[in-house]
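Here are the chains, one letter per residue:
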Amino acid sequence: MNNTAASPMSTATSSSGRSTGKSVSFAAELQSMMFSLGDARRPLHETVVLVEDVVHTQLINLLQQAAEISQLRGARVISAEDLLFLMRKDKKKLRRLIKYLFIRDYKSKIVKGIDEDDLLEDKLSGSSNTNKRQKFAQDFLNSIDQTGELLAMFEDDEIDEVKQERMERAERQTRIMDSAQYAEFCESRQLSFSKKASKFRDWLDCSSMEIKPNVVAMEILAYLAYETVAQLVDLALLVRQDMVTKAGDPFSHAISATFIQYHNSAESTAACGVEAHSDAIQPCHIREAVRRYGRKIGPLSPFTSAYRRNGMAFLAC
Amino acid sequence: MPSAPSRAPRPLAYWVIPQLPTADPLPMDEETETYLELYLDQCAVQDDFVPPRSPLFSPVVPYVYTPNPSNPETTFNSHLESKETSGNFSSVDLSFLPDELTQENKDQAVIRSKHETEENSETQSQQSRLPLPSGQDVGPGSDSSSLSNSRSHLHPGDANSIQSAPAKPNCNSSPLASITPMTPMTPVSECCGIVPQLQNIVSTVNLACKLDLKKIALHAKNAEYNPKRFAAVIMRIREPRTTALIFSSGKMVCTGAKSEEQSRLAARKYARVVQKLGFPARFLDFKIQNMVGSCDVRFSIRLEGLVLTHQQFSSYEPELFPGLIYRMVKPRIVLLIFVSGKVVLTGAKERSEIYEAFENIYPILKGFRKA
Chain V
1 MNNTAASPMS TATSSSGRST GKSVSFAAEL QSMMFSLGDA RRPLHETVVL
51 VEDVVHTQLI NLLQQAAEIS QLRGARVISA EDLLFLMRKD KKKLRRLIKY
101 LFIRDYKSKI VKGIDEDDLL EDKLSGSSNT NKRQKFAQDF LNSIDQTGEL
151 LAMFEDDEID EVKQERMERA ERQTRIMDSA QYAEFCESRQ LSFSKKASKF
201 RDWLDCSSME IKPNVVAMEI LAYLAYETVA QLVDLALLVR QDMVTKAGDP
251 FSHAISATFI QYHNSAESTA ACGVEAHSDA IQPCHIREAV RRYGRKIGPL
301 SPFTSAYRRN GMAFLAC
Chain E
318 MPSAPSRAPR PLAYWVIPQL PTADPLPMDE ETETYLELYL DQCAVQDDFV
368 PPRSPLFSPV VPYVYTPNPS NPETTFNSHL ESKETSGNFS SVDLSFLPDE
418 LTQENKDQAV IRSKHETEEN SETQSQQSRL PLPSGQDVGP GSDSSSLSNS
468 RSHLHPGDAN SIQSAPAKPN CNSSPLASIT PMTPMTPVSE CCGIVPQLQN
518 IVSTVNLACK LDLKKIALHA KNAEYNPKRF AAVIMRIREP RTTALIFSSG
568 KMVCTGAKSE EQSRLAARKY ARVVQKLGFP ARFLDFKIQN MVGSCDVRFS
618 IRLEGLVLTH QQFSSYEPEL FPGLIYRMVK PRIVLLIFVS GKVVLTGAKE
668 RSEIYEAFEN IYPILKGFRK A
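If you're matching them up, the sequences are chains V and E in order.
By this note's numbering, the letter at position 135 of the first sequence is numbered 135, and the numbering carries on one by one without gaps.
Position in the second sequence (from 1) plus 317 gives the number in this note's numbering.
Calculated from the structure, these hints are not laboratory results.
Keep in mind that a hint or two might mislead.
As the list claims (entries may be wrong) - Partial list, computed: chain V residues near chain E (C-beta under 7 Å):
| no. | residue |
| --- | --- |
| 1 | PHE102 |
| 2 | ILE103 |
| 3 | GLU171 |
| 4 | GLN181 |
We put the beta carbon where it would ideally sit given N, CA and C, even for glycine.
This is chain V alone, in the form it adopts within the complex (with noise of 0.2 Å):
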């Protein structure tokens, strides 16, 4: 009964029916993307197509149901409170998408304070932008905590580790290129989803929906997009690291993930000469890393898809 995370493939037919119709691809920014953020130098392309799928049909779901609460509400457009709203579950992730508006708003405000025309331009229009991302996204989680843990986020401290082990990977990957390749590897990291806003738009067919997300909210859906590509791409590097059984090690799955990759990736070029394409994530690694996540763990598995008022697992949230 789990139709919607075991194979992203054979899902709702919403998806299918805009893959085949869009023109809209966004296969060669996602080719840079999954690149920066730990495959191979060239992903494979038919990775590529299926993280487009996955990609695009957790998204336009995630469209639907913040729609749904949007008219629950009774307001006109999708405004971010409907997303964090939707996130509110999932604290780690909520507290990411936060220090990620605090960072934006950070940004503009020194960026601002640079250049004297951004500075002129700013005071024009009323200086009242500082911090105003993360402060309504305050505002608001203020007022649907009920138990005050929503706001104990804001002081908490904690390290993010899916961003401690991403920081990692990216470091031991930039330790070995040299300069040409070090450039080109920060030219794909600077690719995102909010750089090509109305190709995104498009992507995602906003203009079809009755209710249509604001630019804020916009801007948190660009945001989203990517974390579930890097999630996906996390995911995978775990399962093919997996697929890779050590015989001999008992201890191997208890390891931590980035020391293992590190270690298997060595050997294996050094030992068993493999071509340059196993490198590259399969669609079999992503295609199991979503059915792993979707998949509910614990005493209850057996009984828990009543819970789920909609089987999608998000990635992002």
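Assemble the complex: chain V is given as a structure, and chain E must be docked to it using the hints.
Using the frame of chain V, we list chain E on its own:
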């Protein structure tokens, strides 16, 4: 002008602050004012003096000066800032300001300062100053182009008018003294020879009188005023190239200058414009709010490594902004570090903070040098 009573010439300038009196309004002291006039009478007019636009003296300059703390003028001038509030701007002679109306007076002021330095007991420091203008082209750091430009700016004028070191009357040096450190500061080039260049200075000053923005906008050149959009007059001058926001409360923000003295000079010019329009403008609480500097370390930097090891200070989101944002705690400066090796430093209230921040970050960046 009243002729000065016979008075022993007072040694005024003890330290060599080689720049035009662009700082505070004139001494409140009557004596010193007439003393000035005495000199002005005595001096000949210099025709083609080119006023220096930026401080010749900066911490980067490697020469020693020692202000004489026992000089009564020093103590007098250190109180100048506080006394400013009691002074009346309109009665003060702004002839020191190098704008087109008072060219001759300004030249005389320069000559006067030259005379003062001849009386200066610290001839030594002046002579050490002498080789500097010529040697300045090979000055500290290869990037100090703006500094050497300012020096070359001064050369034509200085060669003629100022034989000894271009010392300025110390009554105008106190604001600079308050800005720059009193101890001689060796240039940053100990480690690398790279000196951050100042790119932008934001300062504020209080003109201390209510202003009629409409009148200002109508009568002043290069002024924009759109009350529906923003409640201030935006005025621009070409020399130093700056922009000012003038509010009806009398407060003013001046941006775009490339050095502290330029910022002050520009703010003074704006104040003069306002004054000439009939408002009793004063010049209170001039304060530098922000300074931005930039430089290039000339090697690629591996930002992923930096963000990992300095997590608590840095944030790097390349999809958001291509540079790493590093928040240094001491001094409290924000640095934007880019892969190409360019570094932008902002948030400083003093020039020394920028230099110090760069000195702190340079060894760290070297550690993450990319090939």
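Hints breached by this structure: 1 and 4
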